[in-house]
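Q: One letter stands for each residue in the lines below.
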Amino acid sequence: MRRHGAFVLTLLLSAEVVSGPVAAEDSETVFVDRAAELGVDFTHFNGMTGELYFAEHMGSGVALADFDGDGDLDLYLGQGHPLAPPGEAITITDAPALRDRLFRNDLDAGELRFTDVTAESGLDARGYAMGAAVGDIDNDGDPDLYILNLGPNELWRNDSEPGVIRFTDISAGSNAADPRWSAAASFFDFDADGLLDLFVGNYVEFRVAIHKQCASAEGVLDYCGPKAYQAEANRVLRNFGGGVFEDWTARLGLADLKRPTLGTVVADFDNDGLPDIYVANDQHANALLLNQAGAGFVDDAALAGAAVDATGQPQASMGVLAEDLNGDGLVDLFMTHLHRETNALYVNLGDGLWDDATRVSGLGRPSFLYTGFGTAVLDYDRDGELDIVVVNGAVKRIDEQFRDGEALPLRQKNQLFRGLGGGRFAETPDFESPAVAEVSRALAAGDLDNDGDRDLVVANNNGPARILLNRGRPPPERWAGIDLRLPGLNEATPGRRALGAWVGARNGDGIVRGWRRFHTDGSYAAASDPRVAFLVGDDPLAVVVAWPGGGRETFRLPGRGRYFTLVRGSGERSPLPEAVP
Amino acid sequence: MKLVAWLLVLAFAPAYAQVALEPVEPPRMDHYETAAQAQMAAAQGALDRALDEPGTEPAQLAALFGRVGELYLLYDFMSPAAAALRNAQALAPDDPRWAYYLAIHHRYEGALEAAVSALDRVVALMPNNIAALTHRADIRLELGLLDKAGADYRRLLESDPAYSSAAQLGLGRIAFERRDYESAAVLFQAALVGQPKGTVVHHHLGLALRRLGRREEAAAQLALNEQLSVTFPDPLFADLQRLNVSREAHIKRGTAAMRQGHPQAALAAFLEALAALPDDPLTIFNIAMALIELGEKEQAEARLRESIAINDNYRDPQYNLALILAERGDLDGAERHFRRAAEIDPEDIEARVRHADILTRLERSDEAVVLLVEVVASDGALPLAQLALGAAHQAAGAVEPARAALEKVLEAAPGAPGERAEAHYRLAVLAATNLPAGSEADGAANGPGSTTGDGNDTIGHLRRAIELDPGLAEAHAFLGRLLARDGQYAEAASHYGRAIARDPVNAGWHRDRAMALILGKRYAAARGGLSSARRALAGAGGRQGVTADHLDTLLARLLAASPDPSVRDGTEALAIAERLMSDRPSLEHAETVAMALAENRDFDGAAAMQRQVLDEVRRRGGTPTAGQSQRLAAYLNGEPAREPWFSP
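One line per chain: the protein sequences are X and G, in this order. The first sequence lines up with residues 1 to 581 when you count with the numbering used here. The second sequence lines up with residues 1 to 648 when you count with the numbering used here.
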C-alpha cells in the first residue's frame, strides 16, 4: 500500500487526530478531575480477553448517596472480573482484588477527601457489576444499595451509623437477586403502600457460554449488538417489607415487556399523581408505562409518540433523563444514543402526547458521531436553565484507535450542553480538564462538597473513575438546596427520602419555575444525588413540593448557602396547582 | 521514493497534472475479511499503477480514485473515502457518481449541509436521478428546512410514480410538523400505496390519527409498523451495495432472498458468505435453513450437524436439527438436540416444550410432565406449554390433570387462537376418551382414529376448535368421523375435505371421505375424490395403515357396483382389480375382481371367483359373511353387485 499524498501537486494537511489524555489543565473548563488527589484510586477492569464478549464493553456502575448519614455523599463504584468460559482459567497478573468499592466522603470544612471503606463496610460484592440503584427499602432513613450485575443482582441493606458505613447482604432472602443481566433500576412506590418497590431493567441474555462472534456490516469482527441475543424481561418487584420483594411483573400486566433495557426512570409523566415508568431500550422501541392506579401499567409510548424517533425508527437508547427541560412545568425526556443516531429530546405536550424535539433542541447534531451513555442535568452557569452532560464511549471499534493498537479502541470525548431556555441547547467546549477521551459509561451527579453545585462521577469502562469537581461554586448567598423526606416512623428515625417528588422554586411573582425531579434514578447504570439546589435572589427562597402520592406544600427556606431538609406535612399546603410560566 | 519519481516525471506532466489531488491515507484493514481486503488492495493497486503511468487520462484516474473511494466508503473508512472521492470529483467533475457518494459520506459524518451541496451537484448533473432529489429532500427535512424540502417532495411527486410514497411521506411529515394533522394523515395514507407491509409510514399515520383523537385507529396503525423504510429506486446506492463482498453483506442478501421466498438465491448468497469466512457455524446454519426451504432435508441435516460440530453452543442449529429428526421419526435424536437447545437457552420455552413433546412421543410422559410443570410455572410460559402438558398427562392416562391443563390454555390464551383451537381439539379427544368403561369408545385412548365418543361435548369442542383455527385438519377429520357415525354424511364429507386440503396425502382421510360420500349416495363425487386421491398419493405412500391399495380397491368396487350408472366403468374397474390381484393376491382383491367381472357381464367368471373366496374363507376356519354369499347368489342369477360401500 502506498500513500497517494506523496504524489499530489497540492498537499493538504489532514486534521490531527487527538488520542489519549491531554495533560494540560485548562483553567477555563467547568469541571476538573480530582479523583486521584481525593483518594479515589479506582480503575475498572472489564475482563476482556480479546474474544469481544458482549458484556465487557458495557459496564460498570456508580452510586452517590449519603450512606452514613453524615450529610455528605459517599461513593460506590462497581467492578468487573475476568470473563471466560467455565473451566478456562485466566491469569490476571496485575489485577487488584476485583470487587466493588466503597469510598466514604470525609468532607470537612469544605475540604473534600474520600477514604476507601470497602473492607470495613462489609460490602463484599464480587459480581460482574453493571449498574447501581439506591433507595431506602426499609424506611429507616438511610439509603440501601441495589447492585445490578451480569448475574444475580445484590441487595445490600444499609446498617450504617454516622461516620461508619456498614452493609449487610440480604440478597438471598429478598427475591430481588434477579439472575439476568440487569443494567438499570428505579426505586418507586407504585402502589402507595409506603414502601419503595423496584423496577429492574434487564438487558439481554448473554453468558460467556453462549458468546457469539459478530461482524459489522463491513465484515469486521466486532462487538455484538443487542439483537444478537435474546432480550430479557423487565421486572417489577413489590416491596413486602422486611427486605422481601415479590415479583409482580405479570400481575401488573408487564409480563411481555421483553426488550433490551439500559435505562429506566420513574416520574409522573401524565400528571395524574401516580408514578409512571419510562424504559429506554437498546435498538428497540422505548416503553412509557403509565400507572393505571391499581390496575397495572399500560405501555402508551407508541401512541404518545415517545417510543421511537421522528422517522419512526427505534434508537439505541442507553441513558435517560426525566426533567423539565423546556421550562413548561412538565417532565420531558432525554435519551443518549448510538453513533450515527443522535441523542433525543422528547417534549411532554401535557395531554398524553409527546413531540420529538431533538432537531430544534440543538441536542441532536452535536451528538451524531458519539455514543452516549450516562447523562445528568445541572445548571453549571447558574443562569436558571438546566444544562445537560453526556458521557460518551463507542461500542464499535474506532478505526484510528484500532490502527494505533489500542486494546479498547472505543474512546470518545464527553459533552456538555448549555441550556439556552425553551428547550434549546448548545454544546460548550469548556467541559472538563484534563480533556480526555475515554470509554465512559456510568455517570452520577451530586454535590460532593456541598457547595451548591453539582459535581460528577464518571465510571469509565476499563479505565479510571473520574471525580469531576464543578468549579462553579456559587456564592453562598446565592443558592439554597433542599432534601426531601417523608415523616419518620418516630422522632428518632428520619423518614425516607421522598423519591419521585417534583419540586420548583416560587419567585416573588408567585410563578413556580425550575421544576426538578427529586430522584436517584436515570442516567446510565448510576444512582445520583437526589438533592436539588436553587438559585436565590434577594428574597428568601420558597419552594413548592408536589409529593409522591399526591399533595403539594410550599416551604419558605429559613436561610441560604446550604441544604435544608423538608419533611412532608411541615410546609404550607397548596391546594391548588401552582401556576407555571 | 515515489515523490522523487514524481518530481522527475513532472517535466512530462501527465494529463491530470493540473488537478489538485489530496493524499489518501490507506487505512489499516488487516482485521477485515480476506475478500474485502483483497478487493480494496486490488483497487488500490490499480490506482497505484495508473498513477505511475504518465499517460493516464484524468477520466481513467477518476474512475480508479472513485472505485477506491467507493470501497472505503462501503467498508466505513470515512477519511480516506472522502479524500479519494474528492479526487475523483476533481478529475471528473461532470461525473455525478462522485458527488453522490460524497453526499453519502457527508451524511454518515453528520455533515448535512455538505451533503445537501453534494446532492445539489448531483441533481444539476443528472436531473433524472430522482433518488438524489429524494435524499436531498429528506436531509432538508432533517435540517428543518421545511419549505425547501416540501418543494423537493412536490417535484418528486411530479417526476416518477416510483418515488411518490417517499414524497407523500415527506410531505406528510412536514404537515405533521406544522400541526396540520388532517393533511398529514391523508398524505400518509397515500404514502402507504404501493409499499410493502410494515413500513414506518404506519407509525407516522398512527401518530397523526392519535393527534386527531382517533385513538383506536391510531393504535391499529402503530401496531403495523415493523420499522421498514419506504423503498424507492436508488441505482447508484444499489451499485455501491453490490460491491460489498463481506460475509455480512452476503448474509444480508441471503436473508433478504429468504424473506422474499427465493431460497435458491439465498443459498447462493450464504455459500458466498461461507467462502468469505469458512467454518462459521451461523453461516452454515443459514445454508441449512435455505436447504430446508428447498426441500433438501438430508443436505440440511448434514449442514446442521456440521454447524454443531464447529460450535455446539448455538441454539438454532440444535433446535432445527431436532425438528428435522422429529419429522423423520428419529425421536431419540430429536430428544437429544431439543434437550441441548434448551440447555443452551434455559429460558427457551419453545425448545423445552418441544423437548417434552418428544418425550411424550417416546412414551416417557412422566419425564415430560415433570419438565412441563417446571415450564408452566416459569414466567412467560407459553400456552403451548400448557398444551403440551395436557398432551403429556393424556399420554400418561391422567385424564383430569390433562383436562385441567387444557382448560388453562383456554383461560390463558385469549390472544392465541391456534393454541386455544388445539386445546379444544384435545379436550374433544379427552371427552371421547372419558366414556364409561364398556362403552363403544373404549378404544379412544388410542386417539381419535378409533374414537366414536360422547357426541355433544366432543362435537362442541371440535366445532370451537374449527372456529378458532379453520385449518386444524385433525379436528375436521375427527368431526367428520363423528358426523358420519350420526348419519350426517354430507357435512362429514365436507369436513374430511377440509382436512384433506391441509394434508392431501392422508390416505385414511381420503378413504373416510369417500365412504361418507358413498353412504350419502354421492357416488360421482366419491369417484372424483378417489381418483384425485390416487394422483395425490402416487409415490407418496399411504398413512395410518391405509395404503393406496385400499383406495384403489374402493375405487374399483365403486366403478363396478355403484348404483349410479354414470359412475360405473366395468373396464377400468377390472383393470384396477386385476392389477391389485396380480400385485398382492388376497381374498379382498379376489372379491373385487369378481365384482368387476360381473359388471362386465362375465357372470360365470364372477361366480367362480366369488366361490373360490367363500371356499378359502371356510378352509381358513371362518364363515362367509351374508354379503359374500348374497353376491355369489346374484352372480349365479346373472346380476351384478350393487353394494360398493362395504369397507375393504
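In case anyone wonders, no lab produced these hints; they're calculated from the structure. All C-beta atoms in this analysis are idealised placements derived from N, C-alpha and C, irrespective of residue type, glycine included. Do not take every clue at face value.
As the list claims (entries may be wrong) - Distance ranges between label pairs, derived from CB positions:
(1) X:Pro-475 - G:Ala-151: 52 to 60 Å
(2) X:Ala-228 - G:Gly-55: 46 to 54 Å
(3) X:Ala-84 - G:Gln-37: 25 to 33 Å
(4) X:Asp-381 - G:Glu-57: 31 to 39 Å
(5) X:Gly-50 - G:Glu-182: 52 to 60 Å
(6) G:Gln-37 - X:Arg-126: 41 to 49 Å
(7) G:Asp-30 - X:Gly-421: 47 to 55 Å
(8) G:Glu-226 - X:Ala-119: 24 to 32 Å
(9) G:Arg-215 - X:Arg-340: 27 to 35 Å
Q: Now tell me if each hint is right for this structure.
A: Here is how each hint holds up against the structure:
About 54 Å separates the C-beta atoms of Pro-475 of chain X and Ala-151 of chain G, a value consistent with the hinted range of 52 to 60 Å. Range check, Ala-228 of chain X to Gly-55 of chain G: Cβ separation about 51 Å, and the 46 to 54 Å hint holds. Between Ala-84 of chain X and Gln-37 of chain G the beta carbon distance is about 30 Å. The supplied range of 25 to 33 Å therefore holds. The given range of 31 to 39 Å is broken by Asp-381 of chain X and Glu-57 of chain G, whose C-beta atoms sit roughly 59 Å from each other.
One distance hint, 52 to 60 Å for the beta-carbon pair Gly-50 of chain X and Glu-182 of chain G, holds here, with the actual separation near 58 Å. Distance hint check: the CB atoms of Gln-37 of chain G and Arg-126 of chain X are about 42 Å apart, consistent with the given range 41 to 49 Å. A C-beta distance of roughly 50 Å is found between Asp-30 of chain G and Gly-421 of chain X, which places it inside the suggested range of 47 to 55 Å. For the hinted restraint 24 to 32 Å between Glu-226 of chain G and Ala-119 of chain X, the CB-CB distance of approximately 53 Å leaves it violated.
Evaluation of the 27 to 35 Å hint for Arg-215 of chain G and Arg-340 of chain X yields a pass: the beta carbon distance comes to about 34 Å.
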